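Using the hints, position chain B against chain A.
So the protein lines, in turn, are chains A and B.
Going by the working numbering, the first sequence opens with residue 1, and the numbers climb by one from there.
Going by the working numbering, the second sequence opens with residue 1, and the numbers climb by one from there.
One or more of the hints may lead you astray.
[To be verified] Not the full set, but computed from the structure, chain A residues with beta-carbon under 7 Å of chain B: (1) C9; (2) G11; (3) E20; (4) A38; (5) R43; (6) P87; (7) Q88; (8) L90; (9) R91; (10) L109; (11) C112; (12) T115; (13) Y122; (14) L191; (15) C192; (16) F195.
[Unchecked claim] Incomplete in silico selection of chain B near chain A, CB under 7 Å: (17) D123; (18) D148; (19) H159; (20) R338; (21) S416.
It should be emphasised that the hints constitute simulated quantities derived from the structure, not laboratory data.
All figures in this text were calculated on a predicted structure; none of them were measured in a lab.
Built from N, CA and C at the ideal position, the CB exists for glycine as well.
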Amino acid sequence: MAVFKFTSCSGCQTPFLNMETEILDLADHVEVACFAMASSATRPGPYDLTFVEGGISCEEDVRRINMVRQESKILVAIGNCAVYGGPQALRNFLDLEDLKRAVYPQPDLVHCFPTCKGIADYVPVDGFLNGCPVDQGHLQDYIVSVLLGKAPEVSTRSVCLECKMKENICLIVAEGVACMGVVTGTGCGALCPSFDRGCYGCFGPSADPNLNSFANLCRELGLTEEEINRKLSYIVNNAKAFREEAERHVPQPVKG
Amino acid sequence: MCPSQLKVDYLTRVEGGGGIELDLDEQRQLLDARVTIFEPPRFFEGIVRGRRCEEIADIIARICGLCPVTYQLGTLLAIEQILGVEVSRQVQLLRKVFILSQYLGSHGIHVFFLALPDYLGYDNIFEMAGEHRDLVNRGLRLKKLGNDITSFLGAREVHPVTAVIGGFTKLPPRSMLDDLIIQLKARQEDAQAALEFVAHLPRPAWVGGRVFGALSHPAEYGLDEGRWCTNDGLSLSAEEFTGYVEEYQVPHSNSLHCRLKNGAYYMVGPLARVNLNFEQLSAEARRAASRLNLSVPDYNPFNSIVARLLEIVHAIEISINYLAAIEVRQESLSYDIRAGAAASLIEAPRGTLYHRFRIDDRGFVQEARIIPPTTQNLSRIEQDLKELVPQIAHEPDDQIARACEVAVRNYDPCISCATHCIITGRS
Chain A
1 MAVFKFTSCS
11 GCQTPFLNME
21 TEILDLADHV
31 EVACFAMASS
41 ATRPGPYDLT
51 FVEGGISCEE
61 DVRRINMVRQ
71 ESKILVAIGN
81 CAVYGGPQAL
91 RNFLDLEDLK
101 RAVYPQPDLV
111 HCFPTCKGIA
121 DYVPVDGFLN
131 GCPVDQGHLQ
141 DYIVSVLLGK
151 APEVSTRSVC
161 LECKMKENIC
171 LIVAEGVACM
181 GVVTGTGCGA
191 LCPSFDRGCY
201 GCFGPSADPN
211 LNSFANLCRE
221 LGLTEEEINR
231 KLSYIVNNAK
241 AFREEAERHV
251 PQPVKG
Chain B
1 MCPSQLKVDY
11 LTRVEGGGGI
21 ELDLDEQRQL
31 LDARVTIFEP
41 PRFFEGIVRG
51 RRCEEIADII
61 ARICGLCPVT
71 YQLGTLLAIE
81 QILGVEVSRQ
91 VQLLRKVFIL
101 SQYLGSHGIH
111 VFFLALPDYL
121 GYDNIFEMAG
131 EHRDLVNRGL
141 RLKKLGNDIT
151 SFLGAREVHP
161 VTAVIGGFTK
171 LPPRSMLDDL
181 IIQLKARQED
191 AQAALEFVAH
201 LPRPAWVGGR
211 VFGALSHPAE
221 YGLDEGRWCT
231 NDGLSLSAEE
241 FTGYVEEYQV
251 PHSNSLHCRL
261 KNGAYYMVGP
271 LARVNLNFEQ
281 LSAEARRAAS
291 RLNLSVPDYN
301 PFNSIVARLL
311 EIVHAIEISI
321 NYLAAIEVRQ
331 ESLSYDIRAG
341 AAASLIEAPR
351 GTLYHRFRID
361 DRGFVQEARI
371 IPPTTQNLSR
381 IEQDLKELVP
391 QIAHEPDDQI
401 ARACEVAVRN
411 YDPCISCATH
421 CIITGRS
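Chain A extracted, bound-state conformation (with noise of 0.2 Å):
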């Protein structure tokens, strides 16, 4: 097994780190071959199973994932940003060598693209694992799912499901809260409803959403299209159904 970082904050491989109860069984079972933030031993590929956390941000990016694909046989995206690029892909819709100009003492000496995009847009995946972070629970089910040779299991439902299922009383009925467990995938274990705060959406789109009656929804709650707009442009802002949701709200040159 491989863990690889790109662009983003570690929060994806923590969780590894995190199995305190699990960890040391599992590395009776799988052999950590290369995961820098963990080990000094880095064994070359290729490898069996290879987690990605991170977006792609730059050239060095580009080489490093091109290395990571051909040296694994299946390749995983785990997180919101090798999914889909992550908060800072929020950088896409604006100005980036306006920003560096306008604030860098020297601002050629800072490289990288003007987007930060998911691992897919680059190179073929064979798995994504959802989440801002990624749920621990759900990368211990893909070792042990490819451990097994079988099919790892990803839900599809929707926040909303799970949520009532928890029995939790419906925030956007009770509150009016603009809660977007409605259009945004499971995982999490409707979290932040179940903590008193609707869905932001931090495990990108469900399944088929309808992103349409969502904005309605949203209309209907008093929001502004300006609010809508920022609301599906948040922490998850680079997933399609988010994305082009947002533009129908508040129009703004797109770049890149």
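Relative to the frame of chain A, chain B by itself:
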């Protein structure tokens, strides 16, 4: 003369993408030492501009997957100051426990996963677990304790979701705080045993930097209140911080570097805090320090790992005290938006973390500035390498490289944090 270069291409057992470059001449004299940071920048200060002040704590948390709580709370502290929100004592205490839970989690990762393999001669914790299973299990239990508290208060370990302007979206029931106290007490022995073990490990005897900075407060071990003090006499409010600390750019790094405006490189983090705030450590931590003959000031960066364990002992005891003092009364969160600017300082696991925001009268962020601990430590890290390498220059290249990696790990650098930014709104 034809200088040679010795490189560590990709630092392992640190967070993020960085390396080391040493320039040596034919006589193996060190010409220069650099920590290269190639982790691409992520422009957080830029992307929060134009967002509502309520939205940004969860964006800024994503700067760091290892200590998101301190980014969230540092952001909220600054925003609350702008809005004139005064949080209740129970929220203050819960926040302190929240921060301390990150010390347990983050120091737990550093001590047991990242640093200890160096001292016991392994490449990673998995190999180390063979011969040192008990120690590793203690470490994993301590780390789990931290993560459990973080997720108990914040709903999950990484990028928790409950911290908002004024407090928490939902307050825990008192009975659950009692459960936490039981769990904390159950781990005190692990913390003491791990500290004892590590304090007795042979470490390089070495005198590094002599300037330290940390938040200090007469009544508590500096966390999220007080003034930023250095051992050479500075005592600054958050607002004054950038008047005395300057960031500068170097060609080999996507992270800015820091120094005091008098030119001094300085250290932030556990060793700095222990040195400056020793008197405010918990009684258990101070007793352990005297039993182990640990004294301050300690100028040896290789003792940072001991400082982390002292902070783990401290964090457990102080969290118990704070939790015991919370009654849990339901409260409502309300505030009005107003324009303004304010700065905050908070002690993240890796050291002082600075935030400053300016918002307009509709609550939109116009300007953001964030200075993470690793940015502040980078110059000091390079200085350590410059002082260390001449002493070991006769050794084979791989030994020098290894020693340099260990020296860098003393600071537990978080490179993603350090490359989060460009500074916006600067003239």
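Against the structure, the hints:
1. C9: At about 4 Å, which falls below the 7 Å cut-off, the nearest Cβ of chain B leaves the hint on A/C9 intact, so it holds.
2. G11: 2 Å, holds
3. E20: 4 Å, holds
4. A38: 6 Å, holds
5. R43: Not OK, violated: A/R43 not within 7 Å of chain B, min 10 Å.
6. P87: Because about 5 Å separates A/P87 from the closest Cβ in chain B, which is inside the 7 Å limit, the hint holds.
7. Q88: Status holds, d = 4 Å.
8. L90: Holds. Min distance 4 Å.
9. R91: With a closest approach of 5 Å, the A/R91 hint holds.
10. L109: Hint holds; A/L109 Cβ to chain B Cβ min 5 Å, cut 7 Å.
11. C112: With a minimum Cβ separation of about 5 Å from chain B (threshold 7 Å), the hint on A/C112 holds.
12. T115: With Cβ-Cβ at 11 Å, over 7 Å, it is violated.
13. Y122: A/Y122 check fails; min Cβ-Cβ to chain B is 14 Å, beyond 7 Å.
14. L191: Holds, about 5 Å.
15. C192: 5 Å, holds
16. F195: With Cβ-Cβ at 5 Å, under 7 Å, it holds.
17. D123: It holds, given that the least Cβ distance between B/D123 and chain A is near 4 Å, below 7 Å.
18. D148: 9 Å, violated
19. H159: Holds, about 6 Å.
20. R338: This hint is violated: B/R338 lies away from chain A, its Cβ roughly 20 Å from the closest one there, beyond 7 Å.
21. S416: 5 Å, holds
When the structure is compared with the earlier hints, violations turn up for hints 5, 12, 13, 18, 20 and for no others.
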